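Asks: Taking the hints into account, I'd like the entire structure generated from these sequences.
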Amino acid sequence: MAAVKKVYSFTNKRDIWRLIPSESGYLVIEERDAKTREVFFNCLKTTDGKILFKNFQLEEKYWAGIEAVHGDLIFFHKFRKPDMPNHKGIYVLDIPTQKIIWQNDDLVFQLAKDDAVFAFQTGFVGRNYFYLNSKTGEVIKNLGDNFNEVNKIREELMQNDFMKSFSFPSQFKDEENDLVNSQLFRSLKEDKSIVGNIDWLRLNNHIIFNYHMTNSVHTFNNYFKIFDSAKQKYVLKETLNTNVTKLIPESFFLIDNLLFLLIEKTKLVVYRIMQ
Numbered sequence: 001m002a003a004v005k006k007v008y009s010f011t012n013k014r015d016i017w018r019l020i021p022s023e024s025g026y027l028v029i030e031e032r033d034a035k036t037r038e039v040f041f042n043c044l045k046t047t048d049g050k051i052l053f054k055n056f057q058l059e060e061k062y063w064a065g066i067e068a069v070h071g072d073l074i075f076f077h078k079f080r081k082p083d084m085p086n087h088k089g090i091y092v093l094d095i096p097t098q099k100i101i102w103q104n105d106d107l108v109f110q111l112a113k114d115d116a117v118f119a120f121q122t123g124f125v126g127r128n129y130f131y132l133n134s135k136t137g138e139v140i141k142n143l144g145d146n147f148n149e150v151n152k153i154r155e156e157l158m159q160n161d162f163m164k165s166f167s168f169p170s171q172f173k174d175e176e177n178d179l180v181n182s183q184l185f186r187s188l189k190e191d192k193s194i195v196g197n198i199d200w201l202r203l204n205n206h207i208i209f210n211y212h213m214t215n216s217v218h219t220f221n222n223y224f225k226i227f228d229s230a231k232q233k234y235v236l237k238e239t240l241n242t243n244v245t246k247l248i249p250e251s252f253f254l255i256d257n258l259l260f261l262l263i264e265k266t267k268l269v270v271y272r273i274m275q
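In this text, residue positions in the sequence shown follow the numbering used here: the first is 1, and each later residue adds one.
There could be a bad hint or two in this list.
Capping the alpha-carbon separation at 25 Å, the derived lysine-lysine pairs in PhoX-like fashion look like this [as the list claims (entries may be wrong)]: (1) K88 x K13; (2) K61 x K88; (3) K13 x K189; (4) K267 x K5; (5) K265 x K5; (6) K233 x K246; (7) K54 x K99; (8) K6 x K50; (9) K141 x K45.
Restraint ranges, calculated between C-beta atoms of paired labels, are given here [stated by the list, open to error]: (10) T219 x T47: 21 to 31 Å; (11) T214 x N12: 30 to 40 Å; (12) Y131 x D15: 33 to 43 Å; (13) T219 x E59: 36 to 46 Å; (14) T219 x P96: 39 to 49 Å; (15) I101 x K189: 51 to 61 Å; (16) S193 x Y131: 20 to 30 Å; (17) Y131 x Y234: 27 to 37 Å; (18) I194 x G123: 32 to 42 Å.
Honestly, the hints are just simulated from the structure, not real lab data.
Keep in mind that this is a model prediction, so the values were computed, not measured.
Note that beta-carbon positions come from the ideal geometry of N, C-alpha and C, so glycine has one too.
Replies: In structure tokens form, the structure reads like this:
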């Protein structure tokens, strides 16, 4: 059996802006077209890539984004002003029906837990917090300026099992002696064409990493590899980006043993790393 197996891929040939996996098994993909100034939203099943919907748009075609995916609901926001980061409004899409089931133009989403949504409204002297029903948008309780309850719930959500299933790369450092002494990283460090940092993580005996190399036209290519330390061989090699001018590695991450890779900013490829 192959150590790394491709599960699915997805592309609409637009820039993928965000990937948002949810505890309920959905993967929402936000894409942006800078030329037409439009944002599109797509929803897949995380484990097998089954497409539930593609190219969904809000009435606001560009100045909108995603707050969260919770249960069968996607929480969208608009912006107070173009080119400004402050969010405005809550617009809730039911994934099975692909319909907006409620909206609130005055509140700003904070977080969701179970059947509750916590939101706020900014006043002259600070924020006023509210507890809403996630299915209807009905305000259940006015929490006033008490943000302690909201912060407590946020901390609980960050510690749940789903959040713990994520693994993100970090920069390789020389003091990580077990890897410095290996033939793999010793050869990489000696290769003078490699520039910038090596970002890596480990899953059991798989060392997963990416890096940049100077190419023939004096820009950079971004390469991704998986090395099986037990078999002492590479089990996956991908080129994530070609001819880039900045040393910003394309992000990759794991959910348990599912690997998510973004290629040329427009294509998502998902692999399963066999344990």
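Asks: Hints the structure violates: just list their numbers, smallest first.
Replies: 1, 3, 6, 9, 10, 16, 17 and 18
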